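2 protein chains.
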Amino acid sequence: MPNNQQATLKIIAERAHVSVTTVSRVLSGDAEKCRISKKTEDVVRRIAKELHYEPNQLARALRLKQTYTIGIIIPDISNPFFSSIARCVEIESRKAGYSVMICDSQENTEIEKESIKILGMRKIDGMIICPVGKEWKHIYEFTKLNIPIVTVDRYFPELNVPYVVSENYDGSMQAVNYFIENGHRRIAFIQGLTDSSVNNDRLRGYKDALQMHNLPLNESLIVGDNFGEQSGYIGTKILLNGPERPTAIFAVSNLISLGAMRAISEEQLTIPDDISIIAFDDQPYFNYLCTPMTTVGQRKEEIGQISIKLLLNEINSDDISDNKRITVSTELIVRKSVKRLTASLSEAY
Amino acid sequence: MPNNQQATLKIIAERAHVSVTTVSRVLSGDAEKCRISKKTEDVVRRIAKELHYEPNQLARALRLKQTYTIGIIIPDISNPFFSSIARCVEIESRKAGYSVMICDSQENTEIEKESIKILGMRKIDGMIICPVGKEWKHIYEFTKLNIPIVTVDRYFPELNVPYVVSENYDGSMQAVNYFIENGHRRIAFIQGLTDSSVNNDRLRGYKDALQMHNLPLNESLIVGDNFGEQSGYIGTKILLNGPERPTAIFAVSNLISLGAMRAISEEQLTIPDDISIIAFDDQPYFNYLCTPMTTVGQRKEEIGQISIKLLLNEINSDDISDNKRITVSTELIVRKSVKRLTASLSEAY
DNA sequence: TTGAAAGCGCTAACAG
DNA sequence: CTGTTAGCGCTTTCAA
Numbered sequence: 001m002p003n004n005q006q007a008t009l010k011i012i013a014e015r016a017h018v019s020v021t022t023v024s025r026v027l028s029g030d031a032e033k034c035r036i037s038k039k040t041e042d043v044v045r046r047i048a049k050e051l052h053y054e055p056n057q058l059a060r061a062l063r064l065k066q067t068y069t070i071g072i073i074i075p076d077i078s079n080p081f082f083s084s085i086a087r088c089v090e091i092e093s094r095k096a097g098y099s100v101m102i103c104d105s106q107e108n109t110e111i112e113k114e115s116i117k118i119l120g121m122r123k124i125d126g127m128i129i130c131p132v133g134k135e136w137k138h139i140y141e142f143t144k145l146n147i148p149i150v151t152v153d154r155y156f157p158e159l160n161v162p163y164v165v166s167e168n169y170d171g172s173m174q175a176v177n178y179f180i181e182n183g184h185r186r187i188a189f190i191q192g193l194t195d196s197s198v199n200n201d202r203l204r205g206y207k208d209a210l211q212m213h214n215l216p217l218n219e220s221l222i223v224g225d226n227f228g229e230q231s232g233y234i235g236t237k238i239l240l241n242g243p244e245r246p247t248a249i250f251a252v253s254n255l256i257s258l259g260a261m262r263a264i265s266e267e268q269l270t271i272p273d274d275i276s277i278i279a280f281d282d283q284p285y286f287n288y289l290c291t292p293m294t295t296v297g298q299r300k301e302e303i304g305q306i307s308i309k310l311l312l313n314e315i316n317s318d319d320i321s322d323n324k325r326i327t328v329s330t331e332l333i334v335r336k337s338v339k340r341l342t343a344s345l346s347e348a349y
Numbered sequence: 001m002p003n004n005q006q007a008t009l010k011i012i013a014e015r016a017h018v019s020v021t022t023v024s025r026v027l028s029g030d031a032e033k034c035r036i037s038k039k040t041e042d043v044v045r046r047i048a049k050e051l052h053y054e055p056n057q058l059a060r061a062l063r064l065k066q067t068y069t070i071g072i073i074i075p076d077i078s079n080p081f082f083s084s085i086a087r088c089v090e091i092e093s094r095k096a097g098y099s100v101m102i103c104d105s106q107e108n109t110e111i112e113k114e115s116i117k118i119l120g121m122r123k124i125d126g127m128i129i130c131p132v133g134k135e136w137k138h139i140y141e142f143t144k145l146n147i148p149i150v151t152v153d154r155y156f157p158e159l160n161v162p163y164v165v166s167e168n169y170d171g172s173m174q175a176v177n178y179f180i181e182n183g184h185r186r187i188a189f190i191q192g193l194t195d196s197s198v199n200n201d202r203l204r205g206y207k208d209a210l211q212m213h214n215l216p217l218n219e220s221l222i223v224g225d226n227f228g229e230q231s232g233y234i235g236t237k238i239l240l241n242g243p244e245r246p247t248a249i250f251a252v253s254n255l256i257s258l259g260a261m262r263a264i265s266e267e268q269l270t271i272p273d274d275i276s277i278i279a280f281d282d283q284p285y286f287n288y289l290c291t292p293m294t295t296v297g298q299r300k301e302e303i304g305q306i307s308i309k310l311l312l313n314e315i316n317s318d319d320i321s322d323n324k325r326i327t328v329s330t331e332l333i334v335r336k337s338v339k340r341l342t343a344s345l346s347e348a349y
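First to last, the protein sequences are chains A and B.
Residues 1 to 349 in our numbering are what the first sequence lists, from first letter to last.
Residues 1 to 349 in our numbering are what the second sequence lists, from first letter to last.
Hints listed in this document are in silico derivations from the structure and should not be mistaken for laboratory results.
Everything numeric in this text was worked out from a predicted model, so none of it was measured.
Do not take every clue at face value.
[To be verified] Here are the computed lysine-lysine pairs in the DSSO-like style, where the Cα-Cα straight-line distance is at most 27 Å:
(1) LYS144(B) / LYS309(A)
(2) LYS117(B) / LYS65(A)
(3) LYS49(A) / LYS10(B)
(4) LYS49(B) / LYS144(A)
(5) LYS65(B) / LYS123(A)
(6) LYS65(B) / LYS144(B)
(7) LYS10(B) / LYS144(A)
(8) LYS134(A) / LYS309(A)
(9) LYS123(A) / LYS237(A)
[Stated by the list, open to error] Residues on chain B that point at chain A, a partial pick, calculated with CB under 10 Å:
(10) LEU51
(11) GLU54
(12) LEU58
(13) LYS123
(14) PHE286
Virtual Cβ for every residue (Gly too), placed ideally from N, Cα, C.
Using the sequences plus the hints, can you model the full thing?
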């Protein structure tokens with residue numbers, strides 16, 4: 001490599017004594033179509049190879065007005081729920097010839113707004129976003145640019161944007177019903193980010209399940225305000241020291257359940273003898289916990305697959321087909337963290 | 001928004017009846033320097049705002065030969081070790097005005113090569129890579145392009161590239177010493193990707209610790225060949241059913257330890273009564289396992305911070321300073337997964 | 001079968 | 001204080 005300079009069409013053209021156009025045609029596989037002589041084609045190819053030519057995608061994108069780049073914005077890359085989705089999206093994207101720019105919104109609407117703006121300036125062809133979930137105006141503004149977008153895990157009823165989410169309502173019901181079947185009456189709900197659609201739907205499932213069984217709704221058993229470990233810890237502390245200690249806790253995210261466990265063990269209580277718990281979103285390690293955790297499993301791979309498929313569809317076709325609101329089923333994974341209360345005890349309430 | 005067309009300098013220039021240059025100068029903050037009249041400046045700014053102008057970073061990058069984009073290649077986005085690093089890198093990058101393209105090499109050298117090529121074509125300003133670790137020629141080729149690169153978690157002695165890694169050798173020693181202090185003699189090692197630097201260093205630590213204590217090295221106690229859960233499971237199965245069942249297992253990654261636990265519980269054994277275990281790389285949930293896991297903790301945040309700092313340094317300065325090989329200390333986190341063997345038993349070996 | 005020329009949106013050297 | 005011009009590397013229309 002005598003020359004550190006990157007090869008360009010121009011350089012190849014000069015060496016091959018042909019025009020830039022010809023080189024471009026050969027190298028983008030249009031030799032056939034433009035009926036370029038086998039001989040020139042060979043020469044061009046040889047020189048391109050010698051020079052290790054790689055097309056400059058920037059220039060290409062500028063000209064084509066297509067970057068073959070998508071953006072993904074998630075609230076916490078290190079949360080295994082989101083990283084599983086991101087992984088899936090990246091792998092499928094590459095297969096389709098796209099690269100992905102990743103942004104961590106840190107569950108913060110301002111950072112989310114900034115990320116959207118940045119991705120816009122970088123002219124992504126489409127965007128997958130797990131929105132923080134409190135505001136949607138900025139997303140609405142973005143849709144005006146006619147850049148395809150699909151929201152994942154959370155959605156906005158106000159917004160006409162394709163989305164894919166778990167069946168949060170049903171999943172929540174499954175969990176609460178299971179508690180009730182096992183004799184629990186005082187069931188707490190440690191929620192995630194209030195007002196986000198995930199949380200709303202799960203909360204609704206919780207409330208409806210209680211109601212279906214004619215159980216009273218006790219607002220003091222609903223605690224927490226975001227999906228993090230901290231919030232789970234604090235919420236549990238409050239519950240355990242409150243006037244009406246619950247017999248069961250429904251933790252609405254994997255991180256929340258970790259915080260709950262921390263608080264529970266700090267209070268010298270054991271699962272499920274002293275308190276039962278179910279977590280939303282299964283994780284590989286839940287099987288190996290002190291008490292294997294009963295969870296509501298989400299099909300993360302499917303969620304990732306569907307979201308990128310939807311997005312690529314939007315990008316590559318103008319079909320205004322419907323059915324762009326997809327929900328993915330959940331599954332109650334029964335392990336050992338829920339205690340069966342005896343009838344007498346359960347009636348005692 | 002009467003017009004769906006994105007605003008450009010040209011459009012603004014026309015409306016403001018000035019040249020594109022002037023608009024460019026105003027909007028990139030060079031108004032002062034170029035002594036543009038307050039009046040024109042105001043007009044330009046007003047129109048830009050009206051039209052919601054956002055610079056096209058593609059065009060900018062093409063012209064400037066700088067994309068303000070970095071690439072990150074990791075073997076598994078969903079592995080919390082890597083996703084913690086990725087998160088850190090993304091957050092710090094953005095603070096510095098950079099965006100990040102993410103690639104998952106799936107612990108596969110071919111995909112890694114492809115990813116590097118793709119990132120090259122996209123003209124990233126720098127790259128952070130946790131290489132698969134078996135081959136380095138392709139990375140060497142990339143360095144010839146004079147695009148800064150830093151390797152993380154794994155390095156190549158052959159390569160003169162900045163890197164940041166945990167003190168794998170010491171961490172491994174800490175773990176094995178701890179086993180030995182507790183009376184263990186038959187200590188197995190479930191390794192990760194053979195020939196990767198991480199694995200080499202940890203293996204060396206293991207061997208040296210044994211030797212320091214005059215313990216024999218038993219090759220049949222070294223199993224496994226990659227960092228995944230599967231490998232941990234299989235390795236453990238083999239160990240537990242082998243002729244000389246170990247009393248202790250050192251699992252060299254968080255995923256391996258998960259697989260080990262699966263095998264152990266399948267064999268109806270309990271930790272630490274039947275078998276002791278230490279995992280490399282601490283995770284939040286290790287505290288809540290059936291038997292809280294003793295681990296070798298890595299400072300993931302620091303690793304992420306340092307790597308991006310190193311990279312930005314390389315990008316923004318031509319200083320050929322040294323000290324670009326940084327190792328980050330590890331810490332033995334003692335919990336409950338190692339049993340203290342009685343002297344009599346331990347001597348029995 | 002090939003090439004000239006224009007242009008994607010931006011910056012910067014140079015000239016007034 | 002402002003504008004002209006050239007060019008980053010690529011694709012594509014039009015013409016030969």
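Now the hints, each set against the structure:
1. Between LYS144(B) and LYS309(A) the CA atoms are separated by roughly 37 Å; this puts the pair beyond 27 Å, and the hint is violated.
2. For the hint linking LYS117(B) to LYS65(A), the alpha-carbon distance of about 22 Å falls within 27 Å, and the restraint holds.
3. Under the criterion of a C-alpha separation no larger than 27 Å, the hint pairing LYS49(A) with LYS10(B) is inconsistent with the structure, at around 38 Å.
4. Using a Cα cut-off of 27 Å, the hinted pair LYS49(B) and LYS144(A) holds, with the two alpha carbons roughly 17 Å apart.
5. Taking the CA atoms of LYS65(B) and LYS123(A), the gap is about 17 Å. The hint holds against a cut of 27 Å.
6. Distance check on the hinted pair: LYS65(B) and LYS144(B) sit about 17 Å apart at the alpha-carbon level, within 27 Å; holds.
7. Of the pairs offered as hints, the one joining LYS10(B) and LYS144(A) holds, with about 21 Å between alpha carbons and a cut-off of 27 Å not exceeded.
8. Pair hint LYS134(A) plus LYS309(A) holds up; C-alpha atoms about 26 Å apart against a cutoff of 27 Å.
9. The straight-line distance between the Cα atoms of LYS123(A) and LYS237(A) is roughly 47 Å, outside the 27 Å bound, and the hint therefore fails.
10. Taking 10 Å as the C-beta cut-off, the interface hint given for LEU51(B) is violated, the closest approach to chain A being about 13 Å.
11. The beta carbon of GLU54(B) comes within 5 Å of a beta carbon in chain A, closer than 10 Å, and the hint placing it at the interface holds.
12. A hinted interface residue such as LEU58(B) counts as satisfied when its beta carbon comes closer than 10 Å to some beta carbon of chain A; here the least separation is about 5 Å, so the hint holds.
13. Below 10 Å, beta-carbon pairs count as interface contacts, and LYS123(B) has one with chain A at about 5 Å; its hint therefore holds.
14. For PHE286(B), the interface hint holds, since its Cβ comes within 10 Å of a Cβ in chain A; the closest pair sits about 8 Å apart.
This entry does not satisfy hints 1, 3, 9, 10, going by the numbered hints stated previously.
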